Amino acid sequence: MYKNIIISSGFHIFLIVIATLSLPFLAKKPIDLPPIISVELIQITDQTNIPFAPKAKKIIEEVKKKQEKLVSEQAPPKKVKKEKPDAIPLPDEKKEVVKKIEEKKQNPEKLDNEIKQVSEFEKDEMFDPNKIAALIDKSKEDLAETTKKLDKTTQSQDLNMNLTGLTLNEEDALKAQIFGCWSIPLGLPYNENLLVRIKLKLKPDGSVIKTEILDHARMNKPGQGFYKVLAESALRAIQLCQPLRVPTTGYERWKDLQLNFDAREMLEG
Amino acid sequence: MINKKFLLLCILIFYPLKSMALIEVDITRGNLNPLPIAVSSISSSEADKVKLKKELKIDDIGLEISRVVENNLKTSGLFNPLDKEAFLQKPDIAHLKPRFEDWALIKAQALITGKINLKDGKLRVEFRLWDVLAGKEILALAFTTVPKNWRRIGHIITDKVYERLTGEKGYFDTRIIYVAEEGPKIQRIKKLAIMDQDGFNTKYLTLGNELVLTPRFNPTNQMVTYLSYFKNLPRVYLLDIETGIQEVVGDFPGMTFAPRFSPDGKKIIMSFAMDGKSDIYTMDLENRIVERITNHPSIDTSPSYSPDGKYIAFNSDRSGYQQIYVMKSDGSNVKRISFGNGLYGTPVWSPRGDLIAFTKLHKGKFYIGVMRTDGKGERLLTENYYQEAPSWSPNGRVLIFYRETKTDSKGEGFSAKLWSIDLTGYNERLVNTETDASDPSWSSLLSN
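These protein sequence lines are chains A and B, in that order.
The letter at position 25 of the first sequence is residue 25 when you use this note's numbering, and the numbering goes up by one with no holes.
Adding 1000 to a residue's 1-based position in the second sequence gives its number in this note's numbering.
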């Protein structure tokens, strides 16, 4: 009887120890909060029916008229395009065309005043009150799309965080930084097994506390000169790059990082 | 049943371990920029400086050695020697203990320092190579020689630094033999000449009375084979550069072309032309027995052994156009390896064994290129109106060849010069020679 209890308790203790060591949520680790994004909530009705003030109405009508004019007088730039010859002119003809264009540029008084005053940007800035509702509808659609995208991103980010530790963007930023720092020794053969794995211990600001070459034994083995050269170049790259471009949050995720330096692709190319 | 439960339990316990796996990031690209390196002047005492100035007529021998190293590293294209004006630490102090922060400040990733001592008329040069970013010494060596060999010390230091930082052997303590040319094209005087790989210490080995062609180094020692005309008949000669002793290998019937040593230096491979066809033969240098390797009614020439001596690359017009072929060293198993447009010739097997260099003629232009030994991966490194005869550096990274150019704007007159290019195809350089030059051949390393 006692024997069974002892065995049972022994197994229970074993399970608790294993679970405590392996299950991450049981370990007391500092809570790693995701970055706080402030969102301003604004409710907008489908249509705004505020009547225009008499003065404003006049101004808007004037603007509308002007805009109509502008639209009808947008032809001149097209004319210039038409003037361009379809075929490449002979040298003499070409000179004439150049002269004509230059004349137009050099004599601004000849240009229509109204065209001169209104640029493409100014035209864009003028708004049509009739389109406000449409604009609001569009902004709502955009908002919905953005929210959907954000939702998706958040989910995938969470997934990446759990599975690989770094999101694709974070990984790309880190890679791009190290690509710039790593001078590949070009004398290395491309057909040998030359993969250098380096384990890093990082500070929250991305500076390196410790580097460890995982296949360190190869460094001093005879006939492994190429490996040693590659490993040293990788260490130089890390030193040169630090502080590394690491995420601003989630230190617990990436405080230990492994970089696998593989130059075969570059050397073969 | 119990086993299944146990398995399930194990999975439940150990599965969360996966979530704690170390983050891994694969770095598969880097930059190909030359490594910034600081070559500090080799320091020496004032007394030694005065003595050496008397003997060599050079003000500061340490500075000159460092310049040799700098120049070598720069021409390799893999290093960027930094301007000495930017150095913050004096050479003698830097040699004892560099202030790595100062060197890192000027963006140096490696640093070379050194010290000279003159004792009993011998020059002792020690140097150290430092990894600036790691803050440690990674190489330290000392050499002793007679003072007049100071340039060679610079070359040997470069070789050691190059090997330590790139992983492959250097090619700086080497010599180049070539045909020095003078005079108008129809009455050209051609002499055999030899120089250091950087163009210094040129010596002429023949007087120019007879026409000389295609000198080639023995890969194992400082022997040279070349072709010379005696009474309008081509003869193959052997020349020992160290002793200057020259001997005729043999008089052969018909025309003889392109003699070249086998990798062990015991045989010469060449082609003989007779009755409108040309075949490849070898000659054993010990017993002078000649063996026929190819027997085909076409022109087979320019043979070159693979470094292991098992294969021979050569060019032949047996397909109708001149192309490159590879066969076993006994002449069996002939395979065509070049299939691109144009004519291919002068194949030369790389000392590393992975590539074959060649000259290609296509649409009136000459190209120097490389391909793998099966003919795949053809890469054209350089293009010009007339260039040929590539020869490999002993580490198989750089090719030297000659190029003929018109000397004036009217397209009249001509000049032949040596050029080098590395395997990237970007680092092309003119090699300085005292006269016009052609047919270069690169020696093996003088010091191993």
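Because the hints were derived from the structure by calculation, they are not lab data.
Predicted model only: the values in this text are computed from it and were never measured.
Check the hints yourself; a few may be wrong.
Within a straight-line C-alpha distance of at most 27 Å, the following computed BS3-like cross-link-like pairs (lysine-lysine) qualify [as the list claims (entries may be wrong)]:
| # | chain 1 | residue 1 | chain 2 | residue 2 |
| --- | --- | --- | --- | --- |
| 1 | B | Lys1169 | A | Lys228 |
| 2 | A | Lys201 | B | Lys1136 |
| 3 | B | Lys1376 | A | Lys3 |
| 4 | B | Lys1136 | A | Lys203 |
| 5 | B | Lys1005 | A | Lys228 |
| 6 | B | Lys1169 | A | Lys201 |
| 7 | B | Lys1107 | A | Lys228 |
| 8 | B | Lys1136 | A | Lys210 |
| 9 | A | Lys210 | B | Lys1005 |
| 10 | A | Lys175 | B | Lys1107 |
| 11 | A | Lys228 | B | Lys1136 |
| 12 | A | Lys199 | B | Lys1107 |
| 13 | A | Lys221 | B | Lys1107 |
| 14 | A | Lys3 | B | Lys1004 |
| 15 | A | Lys210 | B | Lys1097 |
| 16 | B | Lys1107 | A | Lys203 |
Output of the computed footprint for chain B on chain A, the stretches with three or more beta carbons under 8 Å from beta carbons of chain B [to be verified]:
| # | region |
| --- | --- |
| 17 | 204 to 210 |
| 18 | 218 to 232 |
| 19 | 250 to 261 |
Where is the CB? At the ideal position from N, CA and C, for every residue including glycine.
Do the hints match the structure? See the list:
| no. | hint | result |
| --- | --- | --- |
| 1 | B/Lys1169 to A/Lys228 | 14 Å, holds |
| 2 | A/Lys201 to B/Lys1136 | 21 Å, holds |
| 3 | B/Lys1376 to A/Lys3 | 75 Å, violated |
| 4 | B/Lys1136 to A/Lys203 | 23 Å, holds |
| 5 | B/Lys1005 to A/Lys228 | 48 Å, violated |
| 6 | B/Lys1169 to A/Lys201 | 35 Å, violated |
| 7 | B/Lys1107 to A/Lys228 | 23 Å, holds |
| 8 | B/Lys1136 to A/Lys210 | 16 Å, holds |
| 9 | A/Lys210 to B/Lys1005 | 43 Å, violated |
| 10 | A/Lys175 to B/Lys1107 | 21 Å, holds |
| 11 | A/Lys228 to B/Lys1136 | 15 Å, holds |
| 12 | A/Lys199 to B/Lys1107 | 25 Å, holds |
| 13 | A/Lys221 to B/Lys1107 | 31 Å, violated |
| 14 | A/Lys3 to B/Lys1004 | 25 Å, holds |
| 15 | A/Lys210 to B/Lys1097 | 24 Å, holds |
| 16 | B/Lys1107 to A/Lys203 | 24 Å, holds |
| 17 | 204 to 210 | violated (count 0) |
| 18 | 218 to 232 | holds (count 6) |
| 19 | 250 to 261 | holds (count 8) |
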